[in-house]
Amino acid sequence: MVDISFLVISVLTVVCAIASLELRSLIYGSIALMGSLLGIAFFFLLLDAPFVAMFQVAVYVGSIAVLILFTVMLVKRELIFTKIEDPKRKYIGVGLMLILIVGLGSVIMDSGLKSISTHSAPIDFNEIGEDFLTYYWPALVIMALILSSSITGALVLARRENIENEQHTN
Amino acid sequence: MNNTLIDFVIVSITLLSIGIYGLAVKRNAIRMLFAIEIIINAANLNLISFARFLPHSSGQTLTLFSIAIAAAEVAVGLALIIVAYRMYKNIDIAEFRSLKG
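So the protein lines, in turn, are chains X and C.
All residue numbers for the first sequence refer to my numbering, where the first residue is 282 and numbers rise by one.
All residue numbers for the second sequence refer to my numbering, where the first residue is 8 and numbers rise by one.
In isolation and in its complexed conformation, chain X is listed as follows (with noise of 0.2 Å):
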């Protein structure tokens, strides 16, 4: 049986998920994502990884989601509060997400996870660093190396002048 607080996360999760997607404004829309962000991250809390959950919300809530809203609000008004969407492909999108759900659902509720409960003491985070430090440690140089390597890309990429000449000469 599933507490309380596990089915008001999913709902508040699940809701803003769907809200993200669906909201005509994108500005709404990033909010609602921000929502779904941070209900993953009480998820994580639900789940005894406390230290991934302040990362979570550090990295996603924190500077994702403002990220994202610096740049809606870069966009013209009228694109922001427009849909763009072909009508046709809306059904197949939602038959697509029921036959996936059913799906995946039905071979997930099928198979042997459905007895799997656990009464163990959660990870330690100290445990965490400790793979990062020995284990781990080349994979988190090249992920310091992508990381800002990724953000000079996209400051290259973002402070290019004269494209819309560019592309008239082209």
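Think of the hints as simulated: they come from the structure by calculation, not from any bench.
No experiment lies behind these values; they were computed from the predicted model shown.
Honestly, I wouldn't trust all of these hints.
Unchecked claim - Below, computed lysine to aspartate or glutamate pairings styled on DMTMM-like, alpha-carbon distance capped at 25 Å:
hint	chain 1	residue 1	chain 2	residue 2
1	C	96	C	80
2	X	395	C	14
3	X	371	X	359
4	C	96	X	366
5	X	357	X	303
6	X	371	C	99
7	X	371	X	303
8	C	96	X	359
9	X	357	C	99
To be verified - Footprint (simulated), chain X over chain C, 3 or more residues, beta carbon under 8 Å:
hint	segment
10	16-28
11	33-39
12	43-57
13	61-69
14	72-80
Glycine included, every Cβ here is placed at the ideal spot set by N, Cα and C.
Add chain C to chain X, keeping to what the hints say.
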């Protein structure tokens, strides 16, 4: 802990399906980025729940890597959207067709 593993996996499947619906239906580039974010979060939720029920610490480590990669991906994706918006004055991906032969 009263919740079993399957509850979290079901929530994760629901989020994955919503994300795939968004990718299939929407033509707005920023909305498609939202859908990708939702899918990445479904994967992270799955990783953390399996890490809790095994229990093993590498799931949480992998999730931290995944969150960092997702941050880089969003930064580059938004920069690409801004460049495309300046070129075409639109964020409809059906309008981005300069690579089309």
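Against the structure, the hints:
1. With a C-alpha separation of about 23 Å, the suggested pair residue 96 of chain C and residue 80 of chain C falls inside the 25 Å cut-off, and the hint holds.
2. Taking the CA atoms of residue 395 of chain X and residue 14 of chain C, the gap is near 9 Å; set against the 25 Å cutoff, the hint holds.
3. Taking the CA atoms of residue 371 of chain X and residue 359 of chain X, the gap is near 22 Å; set against the 25 Å cutoff, the hint holds.
4. Between residue 96 of chain C and residue 366 of chain X, the direct Cα distance comes to roughly 17 Å. Compliance with the 25 Å bound is thereby established for this hinted pair.
5. Between residue 357 of chain X and residue 303 of chain X, the direct Cα distance comes to roughly 19 Å. Compliance with the 25 Å bound is thereby established for this hinted pair.
6. A distance of roughly 16 Å separates the Cα atoms of residue 371 of chain X and residue 99 of chain C; the hinted pair therefore holds under the 25 Å criterion.
7. Distance hint between residue 371 of chain X and residue 303 of chain X is fulfilled; the C-alpha atoms sit about 11 Å from each other, no more than 25 Å.
8. Proximity of residue 96 of chain C to residue 359 of chain X is assessed by CA-CA distance (about 11 Å); at most 25 Å being required, the pair is judged to hold.
9. Only pairs whose Cα atoms come within 25 Å are accepted, and residue 357 of chain X paired with residue 99 of chain C is accepted, the gap being roughly 12 Å.
10. A count of 12 residues in the segment 16-28 of chain C with a Cβ less than 8 Å from any Cβ of chain X is obtained; the coverage claim is therefore met, three being the minimum.
11. Remark: the segment 33-39 of chain C is confirmed as covered by chain X, as 5 of its residues place a Cβ nearer than 8 Å to a Cβ of that chain, reaching the required three.
12. For a cut-off of 8 Å, the count of residues in the segment 43-57 of chain C with a CB near a CB of chain X stands at 7, and the three-residue condition holds.
13. Counting residues of the segment 61-69 of chain C whose beta-carbon sits less than 8 Å from any beta-carbon of chain X gives 6, enough to reach three: the coverage restraint holds.
14. Here the segment 72-80 of chain C counts 8 residues with a CB under 8 Å from a CB of chain X, which clears the bar of 3, and the coverage holds.
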